[in-house]
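Got chain R sorted already, so can you dock chain D onto it with the hints?
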Amino acid sequence: MSSTAALPLAHKKKRSYAWIYFLLPSIAVMLVFFIYPILLTFYYSFTNLALTGEAAKELKFIGFDNYVRMFQDPSVRVSIWNTLIFLIGSAVIGQQVLGFFIALLMKHKNRLFRRVIGTIVLAGWVTPEIVCALCLYSFFGDEGTLNAILGFVGIHDVAWLYTVPMLTVILANIWHGTAFSMLVFQAALDDVPNEIEEAAVVDGASKLQILLRITIPYIKQTITTNMMLVTLQTLGVFGLIYAMTGGGPGTATTTLPIFMYNQAFVNYQLGYGTAISLLLLVLGIVLSLFYIRSMKE
Amino acid sequence: MNGQQRKWIYRILPYAILAIIGLCFLLPLLWVLVASVDPNALQSLKMPASFTGANYSEVMTSQENQRAFGIGLLMSLGQALIVVILSLLAAYPLSRYQLKYKKPFMLTILFMTSLPITAVMVPVYQLFLGLKLYNNVFGVVLFFVASSMPYGIWMIKNFMDSVPNDLEEAAWVDGASVFTGIRKVVAPLMVPGICTVAIFTFSGSWGNFFVPYILLNSPEKFPASLKLYQFFGQYGMVNYGQLAAFSVLYALPSVVLYILSQQFMSKGFGLQGGTKG
Numbered sequence: 001m002s003s004t005a006a007l008p009l010a011h012k013k014k015r016s017y018a019w020i021y022f023l024l025p026s027i028a029v030m031l032v033f034f035i036y037p038i039l040l041t042f043y044y045s046f047t048n049l050a051l052t053g054e055a056a057k058e059l060k061f062i063g064f065d066n067y068v069r070m071f072q073d074p075s076v077r078v079s080i081w082n083t084l085i086f087l088i089g090s091a092v093i094g095q096q097v098l099g100f101f102i103a104l105l106m107k108h109k110n111r112l113f114r115r116v117i118g119t120i121v122l123a124g125w126v127t128p129e130i131v132c133a134l135c136l137y138s139f140f141g142d143e144g145t146l147n148a149i150l151g152f153v154g155i156h157d158v159a160w161l162y163t164v165p166m167l168t169v170i171l172a173n174i175w176h177g178t179a180f181s182m183l184v185f186q187a188a189l190d191d192v193p194n195e196i197e198e199a200a201v202v203d204g205a206s207k208l209q210i211l212l213r214i215t216i217p218y219i220k221q222t223i224t225t226n227m228m229l230v231t232l233q234t235l236g237v238f239g240l241i242y243a244m245t246g247g248g249p250g251t252a253t254t255t256l257p258i259f260m261y262n263q264a265f266v267n268y269q270l271g272y273g274t275a276i277s278l279l280l281l282v283l284g285i286v287l288s289l290f291y292i293r294s295m296k297e
Numbered sequence: 001m002n003g004q005q006r007k008w009i010y011r012i013l014p015y016a017i018l019a020i021i022g023l024c025f026l027l028p029l030l031w032v033l034v035a036s037v038d039p040n041a042l043q044s045l046k047m048p049a050s051f052t053g054a055n056y057s058e059v060m061t062s063q064e065n066q067r068a069f070g071i072g073l074l075m076s077l078g079q080a081l082i083v084v085i086l087s088l089l090a091a092y093p094l095s096r097y098q099l100k101y102k103k104p105f106m107l108t109i110l111f112m113t114s115l116p117i118t119a120v121m122v123p124v125y126q127l128f129l130g131l132k133l134y135n136n137v138f139g140v141v142l143f144f145v146a147s148s149m150p151y152g153i154w155m156i157k158n159f160m161d162s163v164p165n166d167l168e169e170a171a172w173v174d175g176a177s178v179f180t181g182i183r184k185v186v187a188p189l190m191v192p193g194i195c196t197v198a199i200f201t202f203s204g205s206w207g208n209f210f211v212p213y214i215l216l217n218s219p220e221k222f223p224a225s226l227k228l229y230q231f232f233g234q235y236g237m238v239n240y241g242q243l244a245a246f247s248v249l250y251a252l253p254s255v256v257l258y259i260l261s262q263q264f265m266s267k268g269f270g271l272q273g274g275t276k277g
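Residue numbers (the UniProt record's numbering), protein chains in the order written: chain R, 1 to 297; chain D, 1 to 277.
Hints in this document: simulated from the structure, not taken from any laboratory. Incorrect hints may appear among the rest.
[Stated by the list, open to error] From chain D, some residues computed to sit far from chain R (all C-beta separations above 10 Å):
1. 52
2. 187
3. 196
[What the hints assert, rightly or not] Derived DEER-like restraints, expressed as beta-carbon distance ranges:
4. 30(D) - 59(R): 44 to 54 Å
5. 142(R) - 105(D): 48 to 58 Å
6. 104(R) - 4(D): 19 to 29 Å
7. 32(R) - 77(D): 19 to 29 Å
8. 73(R) - 180(D): 52 to 62 Å
Computed from a predicted structure; not experimentally measured. Think of the CB as a built atom: it goes at the ideal place given N, C-alpha and C, for glycine as much as any other residue.
Next up, chain R with everything else stripped away, as it sits in the complex:
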């Protein structure tokens, strides 16, 4: 019933090119405010665009200078490294593995129990990132809940946000994002036919064998898709880190988005900031392409 041939001919003629008008408004909005800025990113990254100083008066094309600077700048390396640690820690290991683990443990468990735990995990996901930042900031704070609990066992006043800042923002992002993976994997695990697993049990397979040989291969598609979505999400995380640690102490939690922000809006080096945006964008594009390919297979 989806074929266009079924439509009355008269209608088809009358509306010949009318569809352009249907698409026009959304394409126009996307072109101006989304695609054009992406193209601008390429252009600006080759300029000395700045908000203050000499460069603010005269926009100059400076070739690959920003890129040369980027590759020589040790803080870029630090930010890339931080971004990778943040991605692997919070997205790949944290949200993905923990989300899968929770979904797996929840399978066939008491309904009420599932619902209670599920709701708690979901609450972190539904909560806006700034509120998450606040909650986790005070949880890890010097006089926060974690230290209050540890006080009972004789460990006093650990400055979590200073001694292990990266760990705190990773845990914050896990707190915020794990529910997504949990939901995705719950749906995927429900789709695994019980008969296959039962047959494996009859054949004497252990729980671990069933997991590695049957369950995981069965939901492989979901794992790759989810991995890409979660990674892309995490790549753009700004507010959570910015509000919790401001990228510090020093550059300890300065990921690429934070570094980009600092260069463009704190040091007013928009051109340089854009070159860093492009790095982020290229990372996103590479991951997106991989994601689309994995979906099409």
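Relative to the frame of chain R, chain D by itself:
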């Protein structure tokens, strides 16, 4: 350890692990809920000596906060409405006609849904300065609309594909125009899809901090998200109780909408919808 005991442990262990995970997720959240009704709230979770609604009434009666919430609602509602209307229009030909470049177009759309918005903020800022849209609430809405159009089109098109042509054709035979067909036949049949998109778009901008943070600079134009950050970022965490009450109020729309959206997403949460071409 005999077989019986081992069996018992295997049965209990998952519950114990899940309970511990649940507790870890609960503690930070519990703090914000408890502190919001504690007249002497501290940074750590503690049982309040007495309960009070004063934090909430302080936060709610402040005109600045009311304005921040108003602006936030205006921005998010406006965005959701525009996205739904434009997506419905755009999805119609994509779903109903055989267009030459439909496939590459849809792939581009899908591709755009996953780009990190963070990466385009610097050029968007520059563009907004040039277009005189900087520090303009409506400008922020326009950018929000543009950045959520790909997701809106993708979802609405998939939902529309599952609405059969027959009913619409019947309406045409009865003399309805294409527009009337969309409005009276197609749209009502995809209410769940429309609501899902509207809710997701609303929550997306309601919870977004970075976009208004870059594109706005006068405090009287700040939406709730920026107000909250200002509250605890710049002025230090002086009043934990009020801070917590503000946070709870600010998180509330997202929570309520999520619960509502559950009714529309009866088929659970999967990635299957995304695989339709």
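Q. For the pair residue 104(R) and residue 4(D), does the Cβ-Cβ distance stay inside 19 to 29 Å?
A. holds, 25 Å
Q) So the hint says 52 to 62 Å: do the beta-carbon atoms of residue 73(R) and residue 180(D) match that? A) For residue 180(D) against residue 73(R), whose Cβ atoms are near 59 Å apart, the range 52 to 62 Å holds.
Q) Would you say residue 52(D) is clear of chain R, with no C-beta pair closer than or equal to 10 Å? A) At roughly 19 Å from the nearest Cβ of chain R, residue 52(D) sits farther out than 10 Å, so the non-interface label holds.
Q. Does the claim that residue 187(D) lies off the interface hold, with its Cβ farther than 10 Å from every Cβ of chain R?
A. Its Cβ never comes within 10 Å of chain R, the nearest being 14 Å, so this holds.
Q. So is residue 196(D) really clear of chain R, every C-beta pair being over 10 Å apart?
A. holds, 14 Å
**Q.** CB-CB spacing for residue 105(D) and residue 142(R) relative to the 48 to 58 Å hint
**A.** Given about 53 Å between the Cβ atoms, the range holds.
Q) Honestly, do residue 32(R) and residue 77(D) meet the 19 to 29 Å range at C-beta? A) The hint (19 to 29 Å, Cβ to Cβ) holds, given that residue 32(R) and residue 77(D) are roughly 22 Å apart.
Q: Take the C-beta atom of residue 30(D) and the C-beta atom of residue 59(R), compute their distance, and say whether it sits inside 44 to 54 Å.
A: The hint (44 to 54 Å, Cβ to Cβ) holds, given that residue 30(D) and residue 59(R) are roughly 52 Å apart.
Violated hints: none; the structure is consistent with every hint.
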